[in-house]
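**Q** Sequence:
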Amino acid sequence: MLDAVLRIAIRLVPFVGLVGAAVTTGIDALTPGGDLGRDLLENSVLWMIGVQGWMTGCGHMFFGEPIAESIGWPAKTPWQWEVGLASLATGVLGVIASGFGDEFTLATIIAFAVFYLGAAVGHVREMVTHRNFAPGNAGPIFVFDVLVPVYLIVLFAVVT
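Just so we're aligned, residue 14 is where the sequence shown starts under this note's numbering, counting upward by one.
Calculated from the structure, these hints are not laboratory results. Treat the hints with care, as some may be off.
[Unchecked claim] With beta-carbon atoms standing in for the labels, derived distance ranges:
1) Val171 to Phe117: 15 to 21 Å
2) His143 to Thr44: 22 to 28 Å
3) Thr142 to Thr173: 35 to 41 Å
4) Val171 to Ala88: 16 to 22 Å
5) Ala120 to Arg20: 30 to 36 Å
6) Ala88 to Asp115: 37 to 43 Å
7) Tyr164 to Leu25: 18 to 24 Å
8) Ala88 to Gly112: 36 to 42 Å
9) Thr142 to Cys71: 18 to 24 Å
Heads up, the beta-carbon is just placed ideally off N, CA and C, and yes, glycines get one too.
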């Protein structure tokens, strides 16, 4: 039962940040006097970097076997703990970013973009050299790894 729940959760994680940012920005849009662009930026950083970073970090660190299987990589290897810590680190930055101003938000986006775009390059390498098209390597998480950093960089440039 737990294994089935984990498999479903792994498939849904790439969408948590998008849904969270959309819902909270929608709620903020109903508040008079708000700044929709600023709200979208802060909510996107909070959810797409922060909350999602906590989720993926804890997933790699504490539920490594099904995640490794979904990526098509071997389980029970040290890479997962390290990737989990990196995800958790960017997650912490994403959660606290709005309290520290634009420069901190930019630094958070840069750290996130380097990590996730770098991971996307690793996924492409796996697809090309090992024909690894497992859902966790070539599915929604790959799209997230590419599009979300670019989206956040562009959004930051437009809003600030």
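**Q** A separate judgement is required for each hint: does it hold in the structure or not?
**A** Evaluated hints:
1. Val171 to Phe117: 15 to 21 Å: Holds, at about 18 Å.
2. His143 to Thr44: 22 to 28 Å: About 49 Å separates the Cβ atoms of His143 and Thr44, which means 22 to 28 Å is violated.
3. Thr142 to Thr173: 35 to 41 Å: 39 Å, holds
4. Val171 to Ala88: 16 to 22 Å: 41 Å, violated
5. Ala120 to Arg20: 30 to 36 Å: 35 Å, holds
6. Ala88 to Asp115: 37 to 43 Å: Since the Cβ atoms of Ala88 and Asp115 sit about 41 Å apart, the hinted range of 37 to 43 Å holds.
7. Tyr164 to Leu25: 18 to 24 Å: 19 Å, holds
8. Ala88 to Gly112: 36 to 42 Å: 37 Å, holds
9. Thr142 to Cys71: 18 to 24 Å: 29 Å, violated
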